[in-house]
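Could you build all of it, start to finish, from the sequences and the hints given here?
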Amino acid sequence: MKVISVVGYKKSGKTVLVSALVRNLSRFGAVGTVKHMEEQRLNSEETDTGKHFDAGADTVIGITGTELVSFSRDSDLEHALDLLCDQGLDFAVVEGFKESNLPKIVLGDLEGISNVFFRMPENVDMHEELTASLVGMALAQPDRYTLEALVKKVRKNHKIQKAGAIGTFTGIVREMADNEITARLEFEKYEPEASKALDRIREEIKRKEGILEVLIHHKTGVIEAGEDIVYIVIAAAHRTELFPALSEAIERIKAEAPIWKKEFTEKEEFWVHDKEKDRKQA
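In terms of my numbering, the sequence shown opens at residue 3 and continues consecutively.
The hints are simulated quantities; they were obtained by calculation from the structure and are not laboratory data.
The beta-carbon is built from N, C-alpha and C at its ideal position, and this holds for glycine as well.
Take the hints with a grain of salt, since some may be wrong.
Said to hold, decoys possible - With a straight-line cut-off of 25 Å between C-alpha atoms, the simulated BS3-like cross-links for lysine-lysine are:
1. K158 <-> K100
2. K155 <-> K208
3. K191 <-> K264
4. K158 <-> K210
5. K13 <-> K37
6. K263 <-> K198
7. K191 <-> K155
Said to hold, decoys possible - Computed spacing ranges between beta-carbons, pair by pair:
8. I65 <-> Q163: 28 to 38 Å
9. K269 <-> I63: 45 to 55 Å
10. R176 <-> R75: 25 to 35 Å
Now the structure itself:
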């Protein structure tokens, strides 16, 4: 799922721009949006769903004849994006959240914004040429994946009718190792070689007997203890072909893909490949 954010001052034309992006991106796939609503309460305490929520329900879903609305106590942007990604959407357009690390279109002279890929005047006329240019920039953004999104993608493969099993592997940041606490890890890909290596591993495993589809996604940047690092999803005709393929995939990723790992513990921080090199030379 490709994600972009639109930020600017109030009445700068953010909603008009988001609407234009949604209309045009929907030609290329399914689109979801996230809107920063400040401190407004949408689920009033006077409604039945509001009473359920105030009674202590963690999630409340209201269903009408034309809509399904979900209210949750988890109001984090990352959680909202993961929910959209889990649905198998192709794009997410976020209105607001200027403090996020998302790639951004900035309206007006708003300053102190990170990861800006386009800046434009407030309330500009969204003519066809400008809209097409912005859509092109959105299509060029990196993909965000969740495990559920990858499983959905595998299920859409036309070969899935031959599958008897779908298996997944999720690598997470281990917090406790040898009585030492790891707070977080940082991953850095050496591109384009890293992507080429992952593609090669995927294609070679797909050629094995009984393997129908292989998807691999390895995250980069800082990942906190307990959070996900890498996803592997494989569809196979039989379970006897599935489990060896999953094991081979993760071992080959660790051995062949130039992805560097920096570890942050209570005592120190270090690049793991440097430490392993020092041990071999000792």
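> Does the structure break any of the earlier hints, and which numbers would those be?
Replying inline: Structure breaks hint 1 only.
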